[in-house]
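Number of protein chains: 2
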Amino acid sequence: MSDQKEVVVLRIGHRPQRDARVTTHVGLTARALGAQGMYLTTRDTGVTSSILDVAGRFGGAFFVEDGKGWRSCISDWKAGGGTVVHLTMYGLNLPDVEDSIREHKRILVVVGAEKVPGEVYGLADYNVAVGSQPHSEIAALAIFLDHYYRGTTLSQQYSDARVTIIPSAHGKTTQER
Amino acid sequence: MSDQKEVVVLRIGHRPQRDARVTTHVGLTARALGAQGMYLTTRDTGVTSSILDVAGRFGGAFFVEDGKGWRSCISDWKAGGGTVVHLTMYGLNLPDVEDSIREHKRILVVVGAEKVPGEVYGLADYNVAVGSQPHSEIAALAIFLDHYYRGTTLSQQYSDARVTIIPSAHGKTTQER
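Those sequence lines, one after another, are chains A and B. Note that the numbering used here numbers the first sequence so that position 169 is 173, with each residue one more than the last. Note that the numbering used here numbers the second sequence so that position 25 is 29, with each residue one more than the last.
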């Protein structure tokens, strides 16, 4: 998919129950916009199974691994030659760094809930703001991936999908098999 | 801002408590990506005040009106010559309709929670999918606005901001006044 780029999301600081819906949106957005998987620093089988349920019906090979340590996750990624991009409203603005980031093919996108340890700002190769305004890590992830892939993943299809949505001007059309 | 376009979000089907955080993300994303305000079909003073609190500190004139009826909201918008864009994974794919939508300067973007009344699909001028995959209304809104404004709102500044974030490679820098 998308000339051999590898993108995985690392979701930090997820609190079960309180963050369940937002983290589910993070995971589904990651999958829909071209990431290959998500690491979650907390154990949460509910979130994990609801994302994998969608992936199972709509296709593709998206993975979720929960209970990962964020430090080892980041250091392993860097040791393997990958690049770490931390999305934060305090970072450099996306339009100013996206060309540079696009030269890297293996990206770990770090997305925090309320509190992100200060250490992450130092460990990240890029701290990136999707606009220097407070909004939503889901929105930031979506726009980051859309820019990184230059919009190509908006049209992706999965050959193994059990359910496929057929675009429609005024209704709901799905194909099941 | 952005050559006299007017964009307002209509959030349908918000359930207090259950949807509070997701709807807050919808409102903050709308503001950060260039919309002028949000109508909410339910009364929820908690969500309204937390969005207006951010807007008050970070600047701009974003409004939130809760307790609006969706039918009158849509029909008033159309009666005033505006265009209604409903974001749904069942719609026509964004890359195929964005040039056409960009010709319209007054846009009401309808964003549903779990259930959107079937009637909305008929009333909307455009039903638009941001990728034909299930993901997140926050992600869909973010990418729609970024495409509609051709990325220009990612760099917007507010002259009346009390708090301004200064982009930084590895830290957190804000300016207060």
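Source of the hints: derived by calculation from the structure; they are not laboratory data. One thing to keep in mind: the hints can contain errors.
EDC-like cross-link-like pairs, simulated, lysine to aspartate or glutamate; straight-line CA separation at most 16 Å [said to hold, decoys possible]:
#1 B:Lys176 <-> A:Glu118
#2 B:Lys82 <-> B:Asp23
#3 B:Lys176 <-> A:Glu123
#4 A:Lys176 <-> B:Glu123
Results for each hint:
no.: 1; hint: B:Lys176 <-> A:Glu118; in the structure: holds, 15 Å
no.: 2; hint: B:Lys82 <-> B:Asp23; in the structure: violated, 27 Å
no.: 3; hint: B:Lys176 <-> A:Glu123; in the structure: holds, 12 Å
no.: 4; hint: A:Lys176 <-> B:Glu123; in the structure: holds, 12 Å
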